[in-house]
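S.K.: First to last, the sequence lines map onto chains C and H. According to the numbering used here, the stretch in the first sequence is residues 1 to 277, in order. According to the numbering used here, the stretch in the second sequence is residues 1001 to 1157, in order.
Mixed in with the good hints, there may be bad ones.
[As the list claims (entries may be wrong)] Each computed SDA-like pair below joins lysine to any residue, with the alpha-carbon atoms no more than 25 Å apart:
1) C:Lys36 to H:Thr1007
2) C:Lys144 to H:Gly1056
3) C:Lys144 to H:Lys1143
4) C:Lys45 to H:Met1054
5) C:Lys215 to H:Asp1055
6) C:Lys36 to H:Arg1118
7) C:Lys36 to H:Glu1016
8) C:Lys36 to H:Cys1019
9) C:Lys36 to H:Pro1014
10) C:Lys215 to H:Ala1002
11) C:Lys36 to H:Phe1017
12) C:Lys45 to H:Gln1023
13) C:Lys265 to H:Gln1070
14) C:Lys144 to H:Ala1043
15) C:Lys36 to H:Asp1027
16) C:Lys36 to H:Ala1072
17) C:Lys144 to H:Cys1019
18) H:Lys1143 to C:Ser216
19) C:Lys36 to H:Lys1143
20) C:Lys45 to H:Pro1014
21) C:Lys36 to H:Glu1073
22) C:Lys36 to H:Ser1044
23) C:Lys36 to H:Glu1126
24) C:Lys45 to H:Arg1057
25) C:Lys265 to H:Glu1126
26) C:Lys252 to H:Cys1019
27) C:Lys36 to H:Gln1023
28) C:Lys220 to H:Gly1071
29) C:Lys190 to C:Ser216
Read the hints as simulated data drawn from the structure, not as lab findings.
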Amino acid sequence: MVADYGCQARLLAGGTDLIVNMRCGRDRPSVVVDTKRVAELNQIKLSRTRLVVGASVSCRRIWEQPEITQRFPALIDSVTLIGGIPIQSRASVGGNLCNAAPSGDAIPSLIALRATAQICGPNDLREVPVEDFCSGAGENTLAKDEFLVSLTIPQPAQNSSTSFLRFTPRNEMDIAVVNAAANVTLSETKTTFLSARLAVGSVAPVPLFVEEAGKSLIGKSVCTANVVAAAEIAVAHARPIDDMRGTFSQRKQLTKVLTIRTLLKAIKRAGGTIDDV
Amino acid sequence: MARNHVTTTINGDPVEFLCDTEQTLLDVLRDELHLTGSKEGCASGDCGACSVTMDGRLVCACLVLAVETQGAEVETIEGMADGDRLHPLQQKFLDHAALQCGVCTPGFLVAAKSLLERNPDPTESEVRYWLAGNLCRCTGYDKIVRAVLDTAAEMRE
Ligand SMILES: Cc1cc2nc3c(=O)[nH]c(=O)nc-3n(C[C@H](O)[C@H](O)[C@H](O)COP(=O)(O)OP(=O)(O)OC[C@H]3O[C@@H](n4cnc5c(N)ncnc54)[C@H](O)[C@@H]3O)c2cc1C
Ligand code: FES
Ligand code: FES
């Protein structure tokens, strides 16, 4: 159907972006395809090696699963912050990604968690890392006749953990001024970084994967100075705009504060300690 | 395009209706089925005045297409009281004066009921977090939160 109707068709997951856009006339599809009745798009499968989340699985179905809560804390940080409970009952992580808002709260966590997107076209399936999925504010790299099937996240390594934080003026129900996610893997003694990933949202047209910031930590000792140095790299990559939610300089400052905090939170969750704070 | 024929269950009763694809559940509840307890505050998922449950999960009826309710179980505010007997939450909202103009009240009641079904002993912050999707311009929320906590305590007895 998607191939037949091309740009006139819209897939409906939770509808929390699509129905809003249809009602205010921003989007006028001629065909709406409800994806919630397609089994593959609704699966949650946790195996020894990975977690597969169908594109239309709601935030709430994710946080209702204790095993996911334990193993993928950054994802849980995200899905418990998206809207309120009625939004979480409907909004999907896949829809959040396809909607490709620079502020999408699931996207930095997916990047930090090394998620890949499985995409179906008329003839084949392809896979891209989530950091390559968004192509501009509100735009993604799906062709007109393709759709997202699922997201796959590898099981966490030993001595690793993840975290997501966002800054909004209100406690709940608001759009991120800046958000950030981190994934750290520590040595057995938890004193050295074996690897790290950092992603920051709302500071560029697409959520940013700051690969250099994570790489800068490899082999370094777990201390505040190294965390701050990594955050400075993220700040250097951030190219935010001024808008009603925040200014350029506020967003730069928030990038630093949030990346430091989210790294520290991930380190703490991984069982690491930082003595000098 | 032809209208869609939908068969669903609302407050335990089988219901059939015709709707256009772009019609929301809220439109159909209010305009076609004359269940006007669910209110439209914003039509964009922000205010919670249209809260209903669908297959046991709390949703905004303004962000559900009516066609999606095919085969689903929908519960609205109209299903809350048992005839003339108010649900304990409804009684406590009256006792605590947890409403003024009342536009937000059906949404708060439906949302609070779904919280207490999941968690009969919520903390104050759990109540506030669960109800963060419901806006009230009149009460300042405090009386609403007290009414919910008081109901929870009474229902546990
Ligand atoms: C009141 C309110 C509060 C919100 N708060 C937040 C917040 O705090 N943080 C945040 O990040 N977002 C927030 N949002 C935005 C929204 O809830 C999220 O972006 C949500 O995750 C979108 O998921 P959905 O399932 O509702 O997507 P839908 O609206 O169903 O779809 C979104 C877009 O993706 C397309 N699409 C859906 N599925 C597929 C697929 N499988 N393949 C290809 N394209 C597809 C649709 O056609 C549509 O264009 C909020 C929205 C509302 C209404
Ligand atoms: S009318 Fe549905 S949330 Fe406001
Ligand atoms: S009582 Fe008026 S909006 Fe809540």
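S.K.: Any of the earlier hints contradicted here, and which numbers?
M.R.: Hint check: 2, 3, 5, 10, 12, 13, 14, 17, 18, 19, 20, 23, 26 and 28 fail, others pass.
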